Amino acid sequence: MCGAPEQTLDLPAGTDLNKQTVLAGTVRAAEEPLGGAFVRLLDGTGEFTAEVVSSASGTFRFFTAPGNWTVRALHHSGNGEAAVTADGPGLYAVDVAVS
Amino acid sequence: MSRENVLVTPDWAEQNLDTDGVVFVEVDEDTAAYDAGHIPGAVKINWKTELQDPVIRDFVDKGAFEKLLSDKGISNDDTVVLYGGNNNWFAAYAYWYFKLYGHDDVKLLDGGRKKWELDGRTLTTDEVNRPATSYTAKHDQDTTIRAFRQEVIEAINNKNLVDVRSPDEFSGKIMAPAHLPQEQAQRPGHIPGALNVPWSKAANEDGTFKSDDELRALYQAAGLDEGKSTIAYCRIGERSSHTWFVLHELLGHSDVKNYDGSWTEYGSLVGAPIARGSEG
Numbered sequence: 001m002c003g004a005p006e007q008t009l010d011l012p013a014g015t016d017l018n019k020q021t022v023l024a025g026t027v028r029a030a031e032e033p034l035g036g037a038f039v040r041l042l043d044g045t046g047e048f049t050a051e052v053v054s055s056a057s058g059t060f061r062f063f064t065a066p067g068n069w070t071v072r073a074l075h076h077s078g079n080g081e082a083a084v085t086a087d088g089p090g091l092y093a094v095d096v097a098v099s
Numbered sequence: 100m101s102r103e104n105v106l107v108t109p110d111w112a113e114q115n116l117d118t119d120g121v122v123f124v125e126v127d128e129d130t131a132a133y134d135a136g137h138i139p140g141a142v143k144i145n146w147k148t149e150l151q152d153p154v155i156r157d158f159v160d161k162g163a164f165e166k167l168l169s170d171k172g173i174s175n176d177d178t179v180v181l182y183g184g185n186n187n188w189f190a191a192y193a194y195w196y197f198k199l200y201g202h203d204d205v206k207l208l209d210g211g212r213k214k215w216e217l218d219g220r221t222l223t224t225d226e227v228n229r230p231a232t233s234y235t236a237k238h239d240q241d242t243t244i245r246a247f248r249q250e251v252i253e254a255i256n257n258k259n260l261v262d263v264r265s266p267d268e269f270s271g272k273i274m275a276p277a278h279l280p281q282e283q284a285q286r287p288g289h290i291p292g293a294l295n296v297p298w299s300k301a302a303n304e305d306g307t308f309k310s311d312d313e314l315r316a317l318y319q320a321a322g323l324d325e326g327k328s329t330i331a332y333c334r335i336g337e338r339s340s341h342t343w344f345v346l347h348e349l350l351g352h353s354d355v356k357n358y359d360g361s362w363t364e365y366g367s368l369v370g371a372p373i374a375r376g377s378e379g
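Going down the list, the protein sequences come from chains P and B.
Letter 60 of the first sequence, counting from 1, is numbered 60 in the working numbering, and no numbers are missing.
Letter 197 of the second sequence, counting from 1, is numbered 296 in the working numbering, and no numbers are missing.
Derived by calculation from the structure, the hints in this document are not laboratory data.
Nothing false has been slipped in among the hints.
Where chain B lies over chain P, by a calculated footprint (3+ residues, C-beta under 8 Å): (1) 42 to 50; (2) 58 to 71; (3) 74 to 88.
Owing to the predicted nature of the structure, the values given are computational and were not obtained by experimental measurement.
Ideal placement from N, C-alpha and C gives every residue a C-beta, glycine not left out.
Please put together the full structure from these sequences, using the hints given.
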């Protein structure tokens, strides 16, 4: 039900990228993938939308809607954020560096 | 009800890890999180397999709840400190659930796992074994804090309905939080007249609750009528437990119910009124 799926770039079977908008990427610290970061999806007004924890290999993904998004990562070692615009359904790559 | 009675700080928790009569319990959305590292001494409750009836969509009955807590080594007079991931969603759900069966002394760890991890505090994979107890629930489910579908429909235009999902779920643009796939069976939208106050507005970035003054201002600005009863809902009832905790436990509103059927039930009801768009 609401269990957060394991965060990998492999999309679940049945994900239709002609219909769904997926934002996915990797959190890195000093170029190295960073697992266990709290990755927050903020909408175009900066409002919180969703949060996941990056996988051991630093990956995360969100199923969302077209629009302007900010992905913000929080970790004991530092914070960082990156912006991404989704023009329509599809897979959008967004990487976040924390420092 | 005051904040000190229902919330503990990470500092307090760290100082009371070995205190007799204090039991830490982790409840996560990601039910594997505990096994990868937990607060020293904490036991785990799996919200999916241990708090739900295995067949029908409902909670376990009083006897099963008593057995669960007995097996976990929790006594009637223990102080239970709940914490979990995802800003304490499922810890708040478990808090409300413990209150359904009348456990007296339950508290939430402010900020949950996130704040604990961001602070760099200790997590361990050490196995925890607490001796079994014989727990007795105080009463059957307290339905003064649990709403069912018919009273939700009757509450339209009569009570405060607080939809705590994200604005896009409220308007009907998406069907589930954005970390989940979107295919769902129900109709999108919200209950007519509901106020949209996303649960996240009650929390700081690190997962801790905002101050009482900030929380009061939040619901006042949203148009919550304090003279009326309130029902909170989300998709499956966990995020609305977070808001139930804020309204009932932190702000002390007297008649607040959590509708755990939430949108996965309401949005599937034949003939139930639904509104779309960003307005109530």
